Amino acid sequence: MKLYSNFENDIRTDKTVPGSYERWYFDAVSYDKRYRIVVIFYEGNPFSAKYIKNLRSKREGDKSRAFFYPALSISVYEDNKTIFDSQSEYPNEECSFGSDEIYIRIGNNELTALQDDGDIIYSLNLVEELPSGDRLIADLSFKSEECGNLTNNHQALGGHLWNLAQPKANVSGRIYIYQGSRIVHRIKMAGLGYHDHSIGRVPLKNQYVDWYWGRFHFDAGTLIYYVMNHKEGQQHKAWLIDPFNQTCLMEYDQVKISETQLNRFLLAPKRKIEMKNAESQVYIHQNQVLDSGPIFMRFSADAILHLEKNNIVSKSTGNTEYIKPSRISSRIFSPLLNRGKRNSDERTNWIRKIWK
0 MKLYSNFEND
10 IRTDKTVPGS
20 YERWYFDAVS
30 YDKRYRIVVI
40 FYEGNPFSAK
50 YIKNLRSKRE
60 GDKSRAFFYP
70 ALSISVYEDN
80 KTIFDSQSEY
90 PNEECSFGSD
100 EIYIRIGNNE
110 LTALQDDGDI
120 IYSLNLVEEL
130 PSGDRLIADL
140 SFKSEECGNL
150 TNNHQALGGH
160 LWNLAQPKAN
170 VSGRIYIYQG
180 SRIVHRIKMA
190 GLGYHDHSIG
200 RVPLKNQYVD
210 WYWGRFHFDA
220 GTLIYYVMNH
230 KEGQQHKAWL
240 IDPFNQTCLM
250 EYDQVKISET
260 QLNRFLLAPK
270 RKIEMKNAES
280 QVYIHQNQVL
290 DSGPIFMRFS
300 ADAILHLEKN
310 NIVSKSTGNT
320 EYIKPSRISS
330 RIFSPLLNRG
340 KRNSDERTNW
350 IRKIWK
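For the sequence shown, counting from 1, position 90 maps to 89 in numbering that gives the first Met the number 0; every step adds exactly one.
If you're looking for bench data, these hints aren't it; they were derived computationally from the structure. If you're wondering where the values come from, they're calculated on a predicted model, not measured in any experiment. Honestly, I wouldn't trust all of these hints.
[Claimed, not checked] Calculated lysine-lysine pairs in the DSS-like style (CA-CA distance at most 27 angstroms, straight line):
(1) Lys-204 to Lys-314
(2) Lys-1 to Lys-255
(3) Lys-271 to Lys-314
(4) Lys-1 to Lys-236
(5) Lys-49 to Lys-14
(6) Lys-80 to Lys-269
(7) Lys-187 to Lys-314
(8) Lys-308 to Lys-236
(9) Lys-62 to Lys-49
(10) Lys-187 to Lys-236
(11) Lys-80 to Lys-236
(12) Lys-32 to Lys-204
(13) Lys-32 to Lys-62
(14) Lys-271 to Lys-236
(15) Lys-275 to Lys-314
(16) Lys-14 to Lys-52
(17) Lys-187 to Lys-1
(18) Lys-62 to Lys-80
(19) Lys-255 to Lys-187
(20) Lys-1 to Lys-32
(21) Lys-314 to Lys-255
(22) Lys-80 to Lys-1
(23) Lys-52 to Lys-80
(24) Lys-142 to Lys-275
(25) Lys-314 to Lys-142
(26) Lys-80 to Lys-14
(27) Lys-80 to Lys-314
(28) Lys-255 to Lys-271
(29) Lys-236 to Lys-275
(30) Lys-308 to Lys-1
(31) Lys-80 to Lys-271
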């Protein structure tokens, strides 16, 4: 995996290898910790049952390309309970991905970005409707200073690319959730957020056995980590980045995971993660499950950061994830990826709520 931080490289890339994928991930937590939102734009949805079926058949041709499998995921949580969850695939003719500017349109949902006097601003304009008639309308702004060279183009195993475009952002905007014509949630979003952009040149299952990821905003900086069991061996890394996204304050090379806990699908992530270096320790507990399925789990997790030099102890609540890609192409779990309904425009909705 190659890690870097570069706003200009946040544009869409060409993906010609069957099973390739690209995603733009955004999340935010309100200052009072009451609300969370996660939005993911895909070109080449690695969880698409259609994409997986095509790859399994090993047929040659255009239908094996990521271009034909765009998707959008939106999850909104109130007090760690899901209040909106949309996982939708769209026909590629209803989508557009800019190759010379940061622009994505999936259905009626748009992502744009600009640089303004040293700041970078991402705008998410969302209009998403479920087959049930539930609907979300949102306008969100992710604003931060432009990143410095945070990770020195860190390279490790595999061909995965990971752009830490916005480790910490100030997030503002409004979210409206409808049931029919009635507004059931009005949310004035003000909080801290995160954005990254990842590219896989081969199918996700070909690279990783499983993968832990998380981010936390402390007063001292933003912690970002990954722990991967890779086809070629294990790799792990964590960074504490200053609050202005300019420098990496320190790295963590010692990572320990422990305390397995099964979900109903026998997915078995570790719930505790410890990280250490000569100057600091971090303790993470993935204690609150937000989403739980046969392949993927998302947590609201608590973390404690101890900086020994100043004897400073800080606490934070952040988002963490666990994924087991080897299950993506499993015939046992394929029906669960394709559950849900179709509406008149053949847009597939793959809702994780049914997995809880």
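We went through each hint and held it up to the structure:
1. Lys-204 to Lys-314: 34 angstroms, violated
2. Lys-1 to Lys-255: 22 angstroms, holds
3. Lys-271 to Lys-314: 15 angstroms, holds
4. Lys-1 to Lys-236: Distance ~12 angstroms between Lys-1 and Lys-236 Cα, so the pair holds.
5. Lys-49 to Lys-14: 18 angstroms, holds
6. Lys-80 to Lys-269: 22 angstroms, holds
7. Lys-187 to Lys-314: Within the cut-off at roughly 25 angstroms; holds.
8. Lys-308 to Lys-236: 21 angstroms, holds
9. Lys-62 to Lys-49: 10 angstroms, holds
10. Lys-187 to Lys-236: 35 angstroms, violated
11. Lys-80 to Lys-236: 30 angstroms, violated
12. Lys-32 to Lys-204: With a Cα-Cα distance of about 34 angstroms, the restraint between Lys-32 and Lys-204 is violated, given a limit of 27 angstroms.
13. Lys-32 to Lys-62: Judged against 27 angstroms, a Cα distance of about 42 angstroms means the pair is violated.
14. Lys-271 to Lys-236: 16 angstroms, holds
15. Lys-275 to Lys-314: Distance of about 16 angstroms is within 27 angstroms: holds.
16. Lys-14 to Lys-52: Holds, at roughly 19 angstroms.
17. Lys-187 to Lys-1: 36 angstroms, violated
18. Lys-62 to Lys-80: 37 angstroms, violated
19. Lys-255 to Lys-187: Between Lys-255 and Lys-187 the Cα gap is close to 38 angstroms, so the pair fails against 27 angstroms, i.e. violated.
20. Lys-1 to Lys-32: 32 angstroms, violated
21. Lys-314 to Lys-255: 19 angstroms, holds
22. Lys-80 to Lys-1: Measuring from Cα to Cα gives roughly 34 angstroms; hence the hint is violated.
23. Lys-52 to Lys-80: Outside the cut-off at roughly 32 angstroms; violated.
24. Lys-142 to Lys-275: 31 angstroms, violated
25. Lys-314 to Lys-142: 24 angstroms, holds
26. Lys-80 to Lys-14: 36 angstroms, violated
27. Lys-80 to Lys-314: Cα-Cα ~22 angstroms, so holds.
28. Lys-255 to Lys-271: 8 angstroms, holds
29. Lys-236 to Lys-275: Roughly 11 angstroms between the alpha carbons, so the hint for Lys-236 and Lys-275 holds.
30. Lys-308 to Lys-1: 31 angstroms, violated
31. Lys-80 to Lys-271: Given pair Lys-80, Lys-271 holds - Cα atoms ~22 angstroms apart, limit 27 angstroms.
Checked against the numbered hints listed earlier, the structure breaks hints 1, 10, 11, 12, 13, 17, 18, 19, 20, 22, 23, 24, 26 and 30; every other hint is satisfied.
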